[in-house]
Amino acid sequence: MLLPNPRLCARCLTARPVVLRPKTQERLCKPCFLLAFETEIHETIISTNIFTRGEKIAIGASGGKDSTVLASVLKTLNERYDYGVEFVLLSIDEGIKGYRDDSLETVKRNAQQYEMELLIVGYEELYGGWTMDKVVGQIGKKGNCTYCGVFRRQALDRGAELLGIKHVVTGHNADDIAETVFMNLLRGDLPRLHRCAHITTASSTSPIKRSKPLKYAYEKEIVLYAHHKKLDYFSTECIYSPEAFRGSARALIKNLEKIRPSSILDVVKSGEAFAAMTGDIGPPAAEEEGEGGCGSTRSGGGSMAAEERRLRNKEKIVTRGKANQKGARKRNEQKLGSCVRCGYLTSQELCKACVLLDGLNKTVPRVEVELEGLKTITDGVQRVDLHMDEIKRAAAAI
Amino acid sequence: MSPSTLQTCKRCNEAPATTNIRTEPACPACFLSYITHKIYKHLEPFRTRNLKSSGTTHKPRNAQSSTPTPAPAISTSDDGRSVPFVLLAHSLGPCSTVMVDTLLNWRRSQIERAGRPGFDVGIVVVDDRKYGTDTLPTTGASNAEEWEKCIDAVREKWSADCNDGKNIWVLPLDSVYEDPAHLKQVVEKMSNATSRLDLVNLLRDRLIDRLADQQKASFIIYGDSTTLLAEKTLGLTAKGRGAALPSLLGDSINSATSSKPTTSTSSKPRKLYPLRDLLRHELHNYIALSPNGLAPPTSLPDRGKAKELFKGSTATATKNDTIDELMRGYFETVEEQFPSILSNVVRTAGRLHTFEGGFLKGAGKEEDEFERSKKGESGGRRRTFCTACGGDVWADEAKEDGEDRWCYGCERMLLGAEDGVRQAI
Ligand SMILES: [Zn+2]
Ligand SMILES: [Zn+2]
Ligand SMILES: [Zn+2]
Ligand SMILES: [Zn+2]
Numbered sequence: 001m002l003l004p005n006p007r008l009c010a011r012c013l014t015a016r017p018v019v020l021r022p023k024t025q026e027r028l029c030k031p032c033f034l035l036a037f038e039t040e041i042h043e044t045i046i047s048t049n050i051f052t053r054g055e056k057i058a059i060g061a062s063g064g065k066d067s068t069v070l071a072s073v074l075k076t077l078n079e080r081y082d083y084g085v086e087f088v089l090l091s092i093d094e095g096i097k098g099y100r101d102d103s104l105e106t107v108k109r110n111a112q113q114y115e116m117e118l119l120i121v122g123y124e125e126l127y128g129g130w131t132m133d134k135v136v137g138q139i140g141k142k143g144n145c146t147y148c149g150v151f152r153r154q155a156l157d158r159g160a161e162l163l164g165i166k167h168v169v170t171g172h173n174a175d176d177i178a179e180t181v182f183m184n185l186l187r188g189d190l191p192r193l194h195r196c197a198h199i200t201t202a203s204s205t206s207p208i209k210r211s212k213p214l215k216y217a218y219e220k221e222i223v224l225y226a227h228h229k230k231l232d233y234f235s236t237e238c239i240y241s242p243e244a245f246r247g248s249a250r251a252l253i254k255n256l257e258k259i260r261p262s263s264i265l266d267v268v269k270s271g272e273a274f275a276a277m278t279g280d281i282g283p284p285a286a287e288e289e290g291e292g293g294c295g296s297t298r299s300g301g302g303s304m305a306a307e308e309r310r311l312r313n314k315e316k317i318v319t320r321g322k323a324n325q326k327g328a329r330k331r332n333e334q335k336l337g338s339c340v341r342c343g344y345l346t347s348q349e350l351c352k353a354c355v356l357l358d359g360l361n362k363t364v365p366r367v368e369v370e371l372e373g374l375k376t377i378t379d380g381v382q383r384v385d386l387h388m389d390e391i392k393r394a395a396a397a398i
Numbered sequence: 399m400s401p402s403t404l405q406t407c408k409r410c411n412e413a414p415a416t417t418n419i420r421t422e423p424a425c426p427a428c429f430l431s432y433i434t435h436k437i438y439k440h441l442e443p444f445r446t447r448n449l450k451s452s453g454t455t456h457k458p459r460n461a462q463s464s465t466p467t468p469a470p471a472i473s474t475s476d477d478g479r480s481v482p483f484v485l486l487a488h489s490l491g492p493c494s495t496v497m498v499d500t501l502l503n504w505r506r507s508q509i510e511r512a513g514r515p516g517f518d519v520g521i522v523v524v525d526d527r528k529y530g531t532d533t534l535p536t537t538g539a540s541n542a543e544e545w546e547k548c549i550d551a552v553r554e555k556w557s558a559d560c561n562d563g564k565n566i567w568v569l570p571l572d573s574v575y576e577d578p579a580h581l582k583q584v585v586e587k588m589s590n591a592t593s594r595l596d597l598v599n600l601l602r603d604r605l606i607d608r609l610a611d612q613q614k615a616s617f618i619i620y621g622d623s624t625t626l627l628a629e630k631t632l633g634l635t636a637k638g639r640g641a642a643l644p645s646l647l648g649d650s651i652n653s654a655t656s657s658k659p660t661t662s663t664s665s666k667p668r669k670l671y672p673l674r675d676l677l678r679h680e681l682h683n684y685i686a687l688s689p690n691g692l693a694p695p696t697s698l699p700d701r702g703k704a705k706e707l708f709k710g711s712t713a714t715a716t717k718n719d720t721i722d723e724l725m726r727g728y729f730e731t732v733e734e735q736f737p738s739i740l741s742n743v744v745r746t747a748g749r750l751h752t753f754e755g756g757f758l759k760g761a762g763k764e765e766d767e768f769e770r771s772k773k774g775e776s777g778g779r780r781r782t783f784c785t786a787c788g789g790d791v792w793a794d795e796a797k798e799d800g801e802d803r804w805c806y807g808c809e810r811m812l813l814g815a816e817d818g819v820r821q822a823i
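In the order they appear, the protein sequences are chains A and B.
Sequential numbering of the first sequence, starting at 1, is according to my numbering.
Sequential numbering of the second sequence, starting at 399, is according to my numbering.
Bear in mind the hints are in silico, worked out from the structure with no lab data behind them.
Computed from a predicted structure; not experimentally measured.
From the three backbone atoms N, C-alpha and C, an ideal C-beta is built for every residue, glycine too.
Do not rely on the hints blindly, as some may be mistaken.
[What the hints assert, rightly or not] Chain A regions said to be covered by chain B (calculated; three or more residues, Cβ under 8 Å): (1) 110-119; (2) 221-228; (3) 303-309.
[Claimed, not checked] If you want the ones that stay clear, here's a sample from chain B, every Cβ over 12 Å from chain A, calculated: (4) T434; (5) E442; (6) D596; (7) R608; (8) T635; (9) H682; (10) N718; (11) M811.
[What the hints assert, rightly or not] As a list, the in silico DSS-like pairs of lysine-lysine whose alpha-carbon atoms are at most 30 Å apart: (12) K141(A) - K220(A); (13) K316(A) - K436(B); (14) K229(A) - K254(A); (15) K314(A) - K555(B); (16) K528(B) - K258(A); (17) K439(B) - K314(A); (18) K254(A) - K220(A); (19) K134(A) - K316(A); (20) K408(B) - K258(A); (21) K220(A) - K555(B); (22) K314(A) - K75(A); (23) K436(B) - K314(A); (24) K30(A) - K528(B); (25) K436(B) - K555(B); (26) K582(B) - K258(A); (27) K528(B) - K316(A); (28) K75(A) - K141(A); (29) K220(A) - K258(A); (30) K220(A) - K230(A); (31) K141(A) - K254(A); (32) K436(B) - K614(B); (33) K528(B) - K408(B); (34) K97(A) - K30(A); (35) K23(A) - K564(B); (36) K439(B) - K582(B); (37) K254(A) - K436(B); (38) K56(A) - K230(A); (39) K439(B) - K220(A); (40) K258(A) - K587(B).
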């Protein structure tokens with residue numbers, strides 16, 4: 001048996017290794033690492049059949065490392081293996097000064113580098129002037145990720161709709177998914193536990209299919225790939241920091257990786273097993289599903305103390321023999337319709353975003369809160385001008 | 399956790415509250431009855447009326463198998479009638495001690511009330527002291543003398559209930575293989591501390607399952623607290639053994655019984671976790687307040703110890719730590735601050751189901767795959783059992799029958815292990 005020579009790349013056995021692969025602990029040279037990383041993503045795409053020839057697909061682009069690597073790899077693979085699909089970049093401008101405005105500059109450069117169309121949809125235009133900066137100014141830093149998650153999910157759907165696209169791919173990596181599996185176990189969220197490890201999620205509350213081609217890619221390898229490929233990305237995390245549940249799960253994942261590097265993938269695999277083990281899970285929790293806001297895909301989850309209080313109250317009700325089964329049944333009876341105000345899919349009269357907006361508007365008497373036209377930031381790649389009416393029509397047609 | 403002595407118990411509104419039931423001030427009497435109530439809730443299957451109609455009876459098979467366990471005597475109740483046999487897996491730790499104590503006292507009271515017990519019982523202790531990792535001893539006993547004292551205490555206290563002590567088994571973990579020296583060699587082939595411990599846990603279960611099988615036990619009872627079950631839930635998830643959670647917490651029928659899957663169709667014992675609603679510190683408190691002599695040296699310290707390291711969120715682990723330790727440390731904090739979240743983890747995991755004969759609906763893509771495999775179409779996979787742990791495996795159709803198959807979790811356990819380890823396990 002040939003013993004691996006630690007001074008040579010484990011794959012080509014000729015070049016000097018420059019990377020110790022976090023996922024497999026192999027020592028690889030740069031070309032072998034890049035190829036191995038790309039090939040694994042190709043294999044994920046092929047084995048799960050997520051793309052259809054002729055399809056137009058939006059890449060949710062934040063300018064961060066995950067979505068930048070995703071765009072770069074997808075461009076490479078589409079050319080190398082002739083998927084015959086067209087990629088477009090779709091960005092959300094949450095209106096966070098010093099974070100999003102800078103990262104959007106990166107996205108604009110990426111659009112030119114990868115020769116992809118770019119559409120940017122902004123909270124400000126979509127939500128009557130409520131940028132995340134203003135939301136935080138109003139409600140403080142606590143709980144703002146709820147707003148960001150709800151707003152973001154709707155914004156992505158609307159952007160895709162504008163582009164005439166039914167499929168959005170996001171940069172969620174294996175670490176993100178492992179984190180979400182733990183978070184959903186800690187929150188006892190069975191419906192989300194069922195869905196979170198799926199590569200593609202189609203939701204009854206969204207006409208847009210979401211896929212995660214990087215679901216088996218380690219965050220560390222994404223960073224290494226971006227570094228060795230000299231990719232142009234924006235590396236600051238959202239200034240409105242992640243909340244306790246997510247943070248707690250994240251700390252666990254990071255420690256697990258140090259104990260046994262294979263753990264991250266193993267949590268993802270366990271998550272896939274859970275999907276087949278959750279029976280009657282009922283409909284998904286409608287629009288409250290956050291889209292992992294902040295562009296960094298890792299906000300949301302609420303605070304552990306709040307969840308503890310909620311559970312304790314529930315326990316008290318149960319122990320007093322007043323267990324209320326109605327709540328659960330009610331959810332099953334919900335029918336999907338359109339929000340009477342904005343036309344977005346919802347099971348209530350108002351969609352979650354409009355409810356949140358109402359709350360924001362009530363606390364501050366704002367003179368003009370009606371939704372204005374949607375402005376699109378252009379960079380010479382594409383220019384789209386649309387008005388709210390049109391968006392409403394598009395959403396109502398879903 | 400030191401309520402003011404001025405407060406009165408929120409339950410009886412009489413006695414002074416010197417302790418807590420979750421967040422409510424309580425007196426010791428109310429606390430003790432709270433604990434026993436929570437345990438009794440899960441002992442439903444052992445009520446005399448439930449046992450009569452159960453139809454499962456205890457007729458131990460003669461131990462002719464190759465296992466080195468001593469041949470067990472046939473155990474019947476006093477009137478000679480066959481009754482279900484319950485095997486208690488005892489770690490000698492405090493939670494486990496509460497479990498043994500509660501069940502056997504319950505049985506004694508059955509005899510008092512009905513003149514006979516509704517079930518027969520045995521206790522098994524696996525001696526795995528030699529196979530702990532450096533940082534996480536598999537049993538809490540650090541010195542042999544202390545351990546022996548605990549065993550003696552168990553025998554002294556419960557022999558009369560366990561067929562004159564004939565149904566108390568102390569099995570060395572080595573005895574899982576015919577050659578006792580074999581185990582050490584296999585354990586040493588593992589590439590990291592987590593995998594070594596994973597294997598030891600797997601083999602301990604195998605030994606207990608084998609004994610339960612020999613004894614035709616209807617139930618195996620474990621003394622795992624909510625806290626331990628939450629640790630195991632996240633720990634197994636992290637080891638790629640998520641698919642095994644139902645056999646730990648759910649509605650499961652125990653599938654892992656022997657080293658090689660047998661074709662035997664005999665009904666497998668059910669695994670029960672009656673302490674699943676109680677936190678570790680509550681059970682410790684129960685021992686401290688218990689008037690009936692539960693206190694040490696009847697029990698050893700808990701298995702494992704959270705390293706101080708993992709209690710803070712800024713702490714970092716190293717290769718030499720184990721996933722089990724990490725989870726122990728994590729949930730120690732959670733148990734203190736967020737007990738309801740901890741209980742909810744266990745409840746959630748308990749709602750995961752194994753698929754008997756097919757996937758549950760809602761499984762999405764995998765469901766199609768299962769449908770295809772039922773129709774015998776190509777590309778489908780067959781379900782089979784893991785050679786090592788007895789868990790579910792989806793095998794490629796191309797693979798020959800009778801070939802060894804390994805589940806994902808066991809494959810990951812072997813990652814980086816020395817050659818030849820598969821055959822050895
Ligand atoms: Zn190479
Ligand atoms: Zn609306
Ligand atoms: Zn009281
Ligand atoms: Zn296995």
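Return the numbers of the hints above that this structure violates; sort them in rising order. 1, 2, 6, 8, 10, 11, 15, 19, 20, 21, 22, 24, 27, 28, 33, 34, 35, 36, 37 and 39
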